[in-house]
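J.: Same order as they appear, the protein sequences are chains E and Y.
Per the UniProt record's numbering: the first sequence = residues 1 to 399.
Per the UniProt record's numbering: the second sequence = residues 1 to 399.
Any given hint could be a false lead.
Same chains, same label: a pair holds when it works inside one copy or across any pair of copies.
Once the Cα atoms are required to be at most 20 Å apart in a straight line, the calculated SDA-like pairs of lysine to any residue come out as [unchecked claim]:
1) K362 <-> A51
2) K362 <-> L84
3) K362 <-> G393
4) K362 <-> R80
5) K362 <-> M1
6) K362 <-> E382
7) K362 <-> D205
8) K362 <-> G392
9) K362 <-> A379
10) K362 <-> T147
11) K362 <-> A85
12) K362 <-> D83
13) K362 <-> S234
14) K362 <-> E58
15) K362 <-> W261
16) K362 <-> E4
17) K362 <-> D339
18) K362 <-> A106
19) K362 <-> R237
20) K362 <-> G232
21) K362 <-> A390
22) K362 <-> L81
23) K362 <-> D72
Worth flagging that the hints you see were computed from the coordinates, not collected in a lab.
There are 2 protein chains.
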Amino acid sequence: MSREQQELRLARAALSRLFEPSDAVGLALASVVGPRDALRIARREIGVGTAVHCRLIEALGIPDGSRRPLEDGLARWAPRLRDLAPERDLASLDRLGGRLVIPESADWPEALDDLQQAAPLCLWVRGRHDIPPSARLAALVGSRDSTPYGSSVTADMTAGLTTRGYTVVSGGAYGIDAQAHRAALATTGGGSHVSTIAILACGIDRYYPAGNEELLRVIADDGVLISEVPPGSSPTRWRFLQRNRLIAALSAVTVVVEARWRSGALNTAHHAAGLGRPVGAVPGSVQSINSAGCHRLLRDGTAVCVTDAADVVELAGPFGTEPLGDRARADAAPVLDHDGLTVPDLLLLDGLPVRASTTVDKLSVVAGLSPREVISGLARLELAGLAIRAGGGWRRERR
Amino acid sequence: MSREQQELRLARAALSRLFEPSDAVGLALASVVGPRDALRIARREIGVGTAVHCRLIEALGIPDGSRRPLEDGLARWAPRLRDLAPERDLASLDRLGGRLVIPESADWPEALDDLQQAAPLCLWVRGRHDIPPSARLAALVGSRDSTPYGSSVTADMTAGLTTRGYTVVSGGAYGIDAQAHRAALATTGGGSHVSTIAILACGIDRYYPAGNEELLRVIADDGVLISEVPPGSSPTRWRFLQRNRLIAALSAVTVVVEARWRSGALNTAHHAAGLGRPVGAVPGSVQSINSAGCHRLLRDGTAVCVTDAADVVELAGPFGTEPLGDRARADAAPVLDHDGLTVPDLLLLDGLPVRASTTVDKLSVVAGLSPREVISGLARLELAGLAIRAGGGWRRERR
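The whole structure should be built from the sequences, with the hints applied where relevant.
T.: Structure representation (structure tokens):
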């Protein structure tokens, strides 16, 4: 690794501890002067000239030329300077077998750049696999208090996605998240294809929530654990909300399996929609409060209705050559006698008795067709195996 | 009734027996020359001049000047001329206590004119109530083989609609249709407000299907029975499909409660969508084949997701002053501690311990805020009853 790369890693690691996720001023500063100088400014080792100040104001989209945003930022970051030790954080990362992924390195997921000013400073990553291209990542998210229905749909959908080569992204929480991770790990059995990624609101060394510790340990091994906050960081409500933007930005599609009327999963869905990423919602019983959030997304047009993995794949876009969900189901639907008939032939078929036979004249009256139409129609239905001559007349034949 | 009105009634009654529903040539003829002359032409009492012929060709949108469509029509209608007896049909209607509603009379539902060339010739109607304005009509349709879930949702939705002053329109079939009619009749108990309308594919004197005879008798009394085909007519597949267009055109909104991947209810939904009428679909389990048709409508954008009567009313449009479904639910949702907080105050709230108290300096580090922001934020949280001074520091207070 070049000296510059090492300095950038160190600076980004440090800034990711100083700044809360999506700290607009901090991210704008890092983008305007680069992470190394941003760290020096945060440490008050160097000042900010007028030119940098102007570019910062412009990046933040603040109309007047007030100097407050940076002063506020410096005041906000100062209390954390005393304990700042990026070398120690990177050493912890090493001990965990993890790596720091930064925008300047080749393994940076470009999809995150769609977050623009809100793109994370770096990703703290554990797991022996690389992060697959976003086109292969499908996020499944939902309530912590999932129902048996939600768990069952999550398991089926996950299995369908992983067997089609997708990696299932989720948030490592109880309920739908945990079910998605578990089903993904179960499907691939730790093969070369990474089955699941958990994006955490806390450091990747913390197994939160405690009940998912065993699961998160397995993901750290066979899947990938990602966080934008350094090891040791606690999960806070703010970090959960910001973590959701990473799930949405990293994945080609975000699916909400079960969610209450108010649920963090809806926040993830709205992040995805805001980024122009397709969003799916799984319908459920209107009597289940755990589907109310999904129905809300369907109703307000944020999400498209998805019922299985094929629907999700179709929504995810160009990767893969799966048959369309709808087409597959249409192929599976039974062919009915009247499929493909013209209107006169349909009227005629409806008029044909199943048991006793009838005459052309009677069929004319019943079907409302001329005798000529009846005769030619009977010939077509006979060819199609739907009409049969019987007792000097005609009756219906079941195909 | 004027002599002209009587003649028009007689002509339209006769044509509704000669022509199958939506017979394009027949309807165009009646529209170009009027129903009385159309009947004379069908009876070959008068011929068709070039001017009429041209207008007919134009009305049918046929590019070349071929005379075939009318000849085909005449040949199609001829077999039924022998038994044509509109006076007898109108006398049967009288005995049933019914009435013929024609476009020339004041009680014609104007909404049917949206069908343009496919508008019915007349409506054969039973029931002591007038047909309410379309803005108050909501169609609930669905599978004949409904599930307990579908029946329960239909009953709830119907009760919610009828108590809000809506009349529930359906097709008199088994399953969802029957449940909608029954629930509507049960809610209003035969008061002045007509609770339900059944639009049939057969004559209004025939109780089809047989298992719904008792129900249809009650609707003929306390609700309204409508058909475009004369008394005695059998239900055929074609008439079912065409009947669906009447349900869609008459109602302000059409809701599919349960439907398989292929279902007649989808046909009704597509008629409604084709007319620019709003369409709703009730979501259900993705594991239920009886909801697959609803999910199909949601997925392809034909229908909007509706979960209760409030959603349907919102979709139906301007009639009524009900609160929006979503707004009502948002009002009912619990207020959470962090609702309405600014980001710094949210960060601060997350950082406040629930049990032991903490200091401003520690809060600065934990929350990533400057001491000044912490102090002013604590004052706001204290005012909101979310923070409390304790032991020389601060801790969180549950609201």
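J.: Please go over all the hints and tell whether each is borne out by the structure.
T.: So, going through the hints one by one against the coordinates:
Taking the closest pair of Cα atoms, K362 and A51 never come within 20 Å of each other, the shortest separation being 94 Å inside a single copy and 35 Å across copies. With identical chains, the CA atoms of K362 and L84 are at most 20 Å apart between copies only, with a shortest distance of 15 Å across copies and 95 Å within one. Only within a single protomer do K362 and G393 lie at most 20 Å apart by alpha-carbon distance; the minimum there is 10 Å, versus 96 Å between protomers. For a Cα distance limit of 20 Å, the shortest separation of K362 from R80 across copies, 10 Å, qualifies, whereas the shortest one inside one copy, 94 Å, does not.
Taking identical chains as interchangeable, the C-alpha atoms of K362 and M1 are never at most 20 Å apart, the minima being 90 Å within one chain and 37 Å between chains. For a Cα distance limit of 20 Å, the shortest separation of K362 from E382 inside one copy, 18 Å, qualifies, whereas the shortest one across copies, 88 Å, does not. Within a single copy, K362 and D205 get their C-alpha atoms no closer than 83 Å, and across copies no closer than 22 Å, so neither meets the 20 Å cut-off. Within a single copy, K362 and G392 get their C-alpha atoms as close as 13 Å, which meets the 20 Å cut-off; across copies the closest is 100 Å, which misses it.
Taking CA atoms no more than 20 Å apart as the test, K362 paired with A379 passes inside one copy only; the shortest distance there is 16 Å, against 90 Å between copies. For the homomeric pair K362 and T147, neither the shortest alpha-carbon distance inside one copy (59 Å) nor that between copies (40 Å) is at most 20 Å. In this homomeric assembly, K362 and A85 come within 20 Å of each other (Cα to Cα) only across copies, at 18 Å, whereas the closest approach inside a single copy is 95 Å. In this assembly of identical chains, the alpha carbons of K362 and D83 lie at most 20 Å apart only when taken from different copies (12 Å versus 97 Å within one copy).
In this assembly of identical chains, K362 and S234 lie within 20 Å of each other by CA distance solely across copies; the values are 14 Å between and 83 Å within a copy. For the identical chains of this complex, K362 and E58 are neighbours neither inside a copy (84 Å) nor across copies (33 Å), given an alpha-carbon limit of 20 Å. Neither within a single protomer nor between protomers do K362 and W261 lie at most 20 Å apart by alpha-carbon distance, with minima of 60 Å and 35 Å respectively. In this assembly of identical chains, K362 and E4 lie within 20 Å of each other by CA distance neither inside one copy nor across copies; the values are 92 Å within and 34 Å between.
In this homomeric assembly, K362 and D339 never come within 20 Å of each other (Cα to Cα): the closest approach is 24 Å inside a single copy and 73 Å across copies. When the C-alpha separation of K362 and A106 is checked against a cutoff of 20 Å, the pair qualifies neither within a copy, at 79 Å, nor between copies, at 38 Å. For a Cα distance limit of 20 Å, the shortest separation of K362 from R237 across copies, 18 Å, qualifies, whereas the shortest one inside one copy, 76 Å, does not. Taking the closest pair of Cα atoms, K362 and G232 come within 20 Å of each other only across two copies (16 Å); inside a single copy the shortest separation is 86 Å, beyond that limit.
Taking the shortest Cα distances, K362 and A390 sit within 20 Å of each other inside one copy (15 Å), while across copies they are farther apart (95 Å). With identical chains, the CA atoms of K362 and L81 are at most 20 Å apart between copies only, with a shortest distance of 13 Å across copies and 96 Å within one. For a Cα distance limit of 20 Å, the shortest separation of K362 from D72 across copies, 18 Å, qualifies, whereas the shortest one inside one copy, 91 Å, does not.
Hint check: violations occur at hints 1, 5, 7, 10, 14, 15, 16, 17 and 18; the rest are consistent with the structure.
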